[in-house]
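S.K.: Chains as they are written, first to last, in numbering that gives the first Met the number 0: chain A, 0 to 426; chain B, 0 to 185; chain C, 0 to 81.
In case anyone wonders, no lab produced these hints; they're calculated from the structure.
Treat the numbers as computed from the prediction; the structure is a model and nothing was measured.
Each hint should be verified, as a subset may be incorrect.
Ranges between beta-carbon positions, derived for each pair [said to hold, decoys possible]: (1) A/T284 - C/D63: 29 to 37 Å; (2) B/L39 - C/R29: 20 to 28 Å; (3) A/R401 - C/E47: 33 to 41 Å; (4) C/S46 - A/A136: 29 to 37 Å; (5) B/R178 - A/R401: 27 to 35 Å.
A partial selection of chain B residues facing chain A, derived with a Cβ cut-off under 7 Å [stated by the list, open to error]: (6) L61; (7) R180; (8) G183.
On the chain B side, residues computed to face chain A include the following (Cβ under 10 Å) [stated by the list, open to error]: (9) T127; (10) N172; (11) Y176; (12) I181.
Cβ coordinates follow ideal geometry from the N, Cα and C atoms, glycine included.
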Amino acid sequence: MTTSRRTGAPTTQRMFAAHGPGLVEHHQRFGPLPESAGTALVPVLDRSGLTGRGGAGFPAGRKIASVTGRRAVVIGNGAEGEPLSHKDAELLSRAPHLVLDGLKVAAAAVSAEKVVLYVPFRAVPTIKAAISERSSAKLDRHRVTVVAAPDRFVAGQESAVVRRVEGGPALPRDQTVPPSTSGVRGRPTLVNNVETLAHIALIARYGSRWFRSLGDPSEPGTMLVTLSGGPTLSGGPTPHSVLEVPTGTRLTDLVGHLGVTDLRALRAVLVGGYHGSWIPREMVTGARLSRAGLAHLGASPGAGIIHALPADQCGLARTADILGYLAGESARQCGPCRNGLPQLARLFDDLAYRRVDDRLLDEVRRMIDLIDGRGSCRHPDGTARLARSALDAFASDITHHRYGRCEATLTSVYGTGRPRHHTSGSR
Amino acid sequence: MIDQALWALGRGAGVTALAFMTVALLLGIATRSGRPLLMLPRFAVADVHRFASLAATLLVVLHMALLFFDPYAQLRVVDFIVPFLGAYRPLWLGLGTLAFDLLAVVIVTSLLRHRLGARIFRAVHWATYALWPVAMAHALGNGTDAGHAWFLLFAGCCAVTVCGALVWRLHANYTEYARTRISGRP
Amino acid sequence: MRTPPTSPTRLHIDWTRCQGRGLCTELLPRLLDRDDWGYPIARDRSSEPAVPPAALSEARTAVDLCPRLALSLITDVNPGIE
Chain A
0 MTTSRRTGAP TTQRMFAAHG PGLVEHHQRF GPLPESAGTA LVPVLDRSGL TGRGGAGFPA
60 GRKIASVTGR RAVVIGNGAE GEPLSHKDAE LLSRAPHLVL DGLKVAAAAV SAEKVVLYVP
120 FRAVPTIKAA ISERSSAKLD RHRVTVVAAP DRFVAGQESA VVRRVEGGPA LPRDQTVPPS
180 TSGVRGRPTL VNNVETLAHI ALIARYGSRW FRSLGDPSEP GTMLVTLSGG PTLSGGPTPH
240 SVLEVPTGTR LTDLVGHLGV TDLRALRAVL VGGYHGSWIP REMVTGARLS RAGLAHLGAS
300 PGAGIIHALP ADQCGLARTA DILGYLAGES ARQCGPCRNG LPQLARLFDD LAYRRVDDRL
360 LDEVRRMIDL IDGRGSCRHP DGTARLARSA LDAFASDITH HRYGRCEATL TSVYGTGRPR
420 HHTSGSR
Chain B
0 MIDQALWALG RGAGVTALAF MTVALLLGIA TRSGRPLLML PRFAVADVHR FASLAATLLV
60 VLHMALLFFD PYAQLRVVDF IVPFLGAYRP LWLGLGTLAF DLLAVVIVTS LLRHRLGARI
120 FRAVHWATYA LWPVAMAHAL GNGTDAGHAW FLLFAGCCAV TVCGALVWRL HANYTEYART
180 RISGRP
Chain C
0 MRTPPTSPTR LHIDWTRCQG RGLCTELLPR LLDRDDWGYP IARDRSSEPA VPPAALSEAR
60 TAVDLCPRLA LSLITDVNPG IE
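Extracted from the complex, chain A is given alone in its bound form:
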């Protein structure tokens, strides 16, 4: 595997460099996958510094190295249950062969016996078409099994993926050991986000140095981000866009893509999706989309979701809506989550629409502590993170709400029913 820059290696736009989603365009742009790809993959990935693009950001090389043993299973996870995220869907429809190449490489690296691609129902036809193109060309050693993921928030959680691939429901289950040790039917299982696999497919061709040529040195490369939100006229749902950017890109540049030129039009930016953190306007200028660039704000890039909250919307109300959604998306298997998330959503409704006092705030904090870390998956943890970040980012709104006012509308919050900034229907 050469580490010198090959002619034709994509520069900034890597994932969507091919002119179309088909196999022909894919090979025209990227060339064939090297035969040796897969052997010695781990050291190359370690050198490249690639981290998982599914949200957790675990080093890709280390994860593959941890999957040892016979009859390993490799799963590409494209479930993307997060409503604010569209990057995996975009990748699967525009560059399925990068994902399938990455799956092939990873399968070779762990000597997998079973290869699965876990995607939402609507992505299945495109993926099946891509797979049949490859089987005509006799590209892949393993038959890729396509498993459909239901459109639920927790369907992309690692243990839910494993369970669904086994034929069970797409719900998390208790894990005492990670899937790399015991996953699908007790076999060592590698679960990688589809974007991670696409990066692996490119690193296998162009090398680790090429990968590192862009992005934050501590976590190099590019990443796909989904942008949404921003100034709205009527308060209806805003369109989203998917971009590929180098890691460490400034948040101000990202919101610029949403048409936000003046930061004062924003109240805050949600980074990392519904399990992420709110960054208040005043902190946006210093923030970059990387672990290092967000650590000082207690946030992390997650799966690259950037959602801008306009200044005329109340952050507490928006958070209350999101918490209500997250409560509804609980798998309802674990007591603290099933009971605590709806209770937290109700309390945030009170924060948003009723007069705030110390007792309510104490109760909110207590409820957050009750749900955090007490479940068989990360759903309550992520929800707690979002709620805590809202209390920090919208602290000034909390003060306003103590006096029945809201910075967003400058009108009385209660007494006239729900304030007009409440965007009905949108999440």
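For chain A, the structure is supplied; the task is to place chains B and C on it using the hints.
M.R.: Then chains B and C, alone, in the frame of chain A:
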């Protein structure tokens, strides 16, 4: 003389087993509620439930062994496992055999529950709701004491308490936190 | 001053099985409390509380008696070796 002693002891063991089975059933329902019972904390309710079940099992085995050696009962080994093949009152005896079969499966799966897993343990444990009435029917139909007042009084008390426990079991606020909790997946 | 070695045994709760029956909270009152809905919560707020050696026997009883088989004890491999 020995025969009569075996017959009496065998029946006595059976009646005592039935009493312990009733206690085990009641405590099993109490365990399911997640509530303490009188002076017993929750872990003790579960513990005494297990003790009563094991005691009942031992007494049933004693009951079977004593009657096996009593020639009047005319029991063969096969009658302990396969129901309704007995010579003396085959139907009522058969219910006893059936009860023992159920008891054996329940006890074995309970003792091995950590190995067999929660699903199998729970699924088999539902059979205890069948076990108790079958055992009671066996006692009433087969037992020589069934005609005696004291036994009917005893059986009646058992039945009343079990029915009361079942009514409680089906009540909405049966479990301790039923009111404050949101119910789980069906 | 030598600090005593930290206990390598932790209590793992299978939340998909737990129904907050409260047996474990009775047997391990110093380790566990009950939340608003009766589910066990570690007093140190960790998701897998460490079991001190003095409470190991009660912990094993709790694991055995839990009617939902929701508890297990996890022992760290190589305690103290980093």
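S.K.: Which hint numbers does the structure go against, in order from smallest to largest?
M.R.: 1, 4, 6, 9 and 10
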